[in-house]
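So you can see what is in the structure, the chains are spelled out below.
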Amino acid sequence: MANSERGTFKVKSGLAEMLKGGVIMDVTNREQAMIAEKAGAVAVMALERVPSDIRKAGGVARMADPRKVKEIMQAVSIPVMAKVRIGHFVEAQVLEALEVDYIDESEVLTPADDQFHIDKWAFRIPFVCGARDLGEALRRIAEGAAMIRTKGEPGTGNVVEAVRHLRTVNSQIRRLVATPDAELPDLAKELGAPLSLVQEVKVLGRLPVVNFSAGGVASPSDAALMMQLGADGIFVGSGIFKSSDPAAMANAVVRATLHYQDAQIIAEVSENIGESMPGLEMKTLQAEDRMQERGY
Amino acid sequence: MRIGILSIQGDVREHERMFQRLGLESARIRQPEDLVDLSGLVIPGGESTTIGMLMQEYGLIDAIKEKTRSGHFPIWGTCAGLILLAKEVLGPSPARLGLVDMTADRNAWGRQVSSFEADIAIAALGSPPYPGVFIRAPRIKRLGQEVTALASYQDQVVMAESGPYLVTAFHPELTDDLRVHQYFAQKVETYWRG
Numbered sequence: 001m002a003n004s005e006r007g008t009f010k011v012k013s014g015l016a017e018m019l020k021g022g023v024i025m026d027v028t029n030r031e032q033a034m035i036a037e038k039a040g041a042v043a044v045m046a047l048e049r050v051p052s053d054i055r056k057a058g059g060v061a062r063m064a065d066p067r068k069v070k071e072i073m074q075a076v077s078i079p080v081m082a083k084v085r086i087g088h089f090v091e092a093q094v095l096e097a098l099e100v101d102y103i104d105e106s107e108v109l110t111p112a113d114d115q116f117h118i119d120k121w122a123f124r125i126p127f128v129c130g131a132r133d134l135g136e137a138l139r140r141i142a143e144g145a146a147m148i149r150t151k152g153e154p155g156t157g158n159v160v161e162a163v164r165h166l167r168t169v170n171s172q173i174r175r176l177v178a179t180p181d182a183e184l185p186d187l188a189k190e191l192g193a194p195l196s197l198v199q200e201v202k203v204l205g206r207l208p209v210v211n212f213s214a215g216g217v218a219s220p221s222d223a224a225l226m227m228q229l230g231a232d233g234i235f236v237g238s239g240i241f242k243s244s245d246p247a248a249m250a251n252a253v254v255r256a257t258l259h260y261q262d263a264q265i266i267a268e269v270s271e272n273i274g275e276s277m278p279g280l281e282m283k284t285l286q287a288e289d290r291m292q293e294r295g296y
Numbered sequence: 001m002r003i004g005i006l007s008i009q010g011d012v013r014e015h016e017r018m019f020q021r022l023g024l025e026s027a028r029i030r031q032p033e034d035l036v037d038l039s040g041l042v043i044p045g046g047e048s049t050t051i052g053m054l055m056q057e058y059g060l061i062d063a064i065k066e067k068t069r070s071g072h073f074p075i076w077g078t079c080a081g082l083i084l085l086a087k088e089v090l091g092p093s094p095a096r097l098g099l100v101d102m103t104a105d106r107n108a109w110g111r112q113v114s115s116f117e118a119d120i121a122i123a124a125l126g127s128p129p130y131p132g133v134f135i136r137a138p139r140i141k142r143l144g145q146e147v148t149a150l151a152s153y154q155d156q157v158v159m160a161e162s163g164p165y166l167v168t169a170f171h172p173e174l175t176d177d178l179r180v181h182q183y184f185a186q187k188v189e190t191y192w193r194g
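These protein sequence lines map, in sequence, to chains A and B. Letter by letter, the first sequence follows residues 1 to 296 of the numbering used here. Letter by letter, the second sequence follows residues 1 to 194 of the numbering used here.
Bound-form chain A, shown alone (with noise of 0.2 Å):
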């Protein structure tokens, strides 16, 4: 090693090991974002709007006005997360440039090339990248993403979604560990994912780096649900500033995630919360509304 090197992928998947176990939200203000860090967040998402926000606006979704992102750095001390479009290197260039500390690459807003990702391994930030089976988990892997987050429905309140992407990653990851070394190679290419990563998830009987649950979290019962499912931690979107008591929906949903094993707890923190924001049945949904279709 040279003497000092940065941007390693060691510090940045280094950087989700620390994040393991907390809760990660969406604020569009720095008044939001105070609520989430006193709450106990271990990470806050700078947006423009929320998902459910975005889903009722239309149109193109982009990154977030840089001086809101700038706002946001400052009123917090825990790490600040912004989102970029897929494939949209150039936003990441400059998210990269105002030193956030984690970039998103999410399908919430609006792609912007229908073919490839961003090539992760050009930025010295670490990126996360939303996946709904081992498959696609791998790809980003493979294109440098150093966190990945299964991607339920953003922006619904409904979390069957998060639930079937976890499970899907799974019971892949179980499959995989059971096949014999000399049929990886198909299963790879199944995948379509490379066979090296393919491998090494047989090895470490895991993603090679953090999952966590994003897409429709909205109750502290929803997040001790995906940690109890194998989540390395939650991503909270909408769930917090669109229910009616935000700081106190923060508090629990955060205490419900450390304590996901103990019933009596998540009920207590369960009491008092106010309501979640409303939630949306996923027929009632077009296909074109469907964010999680976005991204290959």
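Hints in this document: simulated from the structure, not taken from any laboratory. We put the beta carbon where it would ideally sit given N, CA and C, even for glycine. Among the hints, a few may not be true.
Derived DMTMM-like pairs: lysine to aspartate or glutamate, alpha-carbon spacing no greater than 20 Å straight-line [unchecked claim]:
(1) K10/A with D105/B
(2) K65/B with E88/B
(3) K38/A with D177/B
(4) K10/A with D176/B
(5) K10/A with E16/B
Chain B regions said to be covered by chain A (calculated; three or more residues, Cβ under 8 Å) [said to hold, decoys possible]:
(6) 3-10
(7) 43-49
(8) 109-116
Dock chain B against chain A, hints included.
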């Protein structure tokens, strides 16, 4: 001999794996009642504000301080753990144990873009140098008289000890080099044998 790993949030699994490789028993600590029968404690990397706040809420700060009263309960803090062990913290300071007479400055090496890996010479561990992984790492601005510096990088102390307490600004648990874990385990054993 059993080493506890504070398991509120952060890279608990990585510390666990290192002690496992050393053939040592470790236990996850979430609540005060988990502290019984422990010979030492590790505070992992994570977000110090989050960990400190939740330690406070669940009575862990008082319970751990109570355990340290004998002066024979070793604690090792990595990164966030260093901050939680520091008597003074610059800027917005989290709830913490404050057992080591030093002043810590959070994230003072810079934001994530400045996180780095560097080889660190640690005399107590001999050669080769230790692979230091620094992630949004804190700096130690002041060391009390009772505190001994064990390693420096660019004129900054990055590893220090004070009686039963050990702090590292870097993350030995993210490497494959077992020497710092071994060093702490020896400390625990010394106090455990009394």
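Tested hints:
no.: 1; hint: K10/A with D105/B; verdict: 23 Å, violated
no.: 2; hint: K65/B with E88/B; verdict: 16 Å, holds
no.: 3; hint: K38/A with D177/B; verdict: 36 Å, violated
no.: 4; hint: K10/A with D176/B; verdict: 12 Å, holds
no.: 5; hint: K10/A with E16/B; verdict: 18 Å, holds
no.: 6; hint: 3-10; verdict: holds (count 4)
no.: 7; hint: 43-49; verdict: holds (count 4)
no.: 8; hint: 109-116; verdict: holds (count 6)
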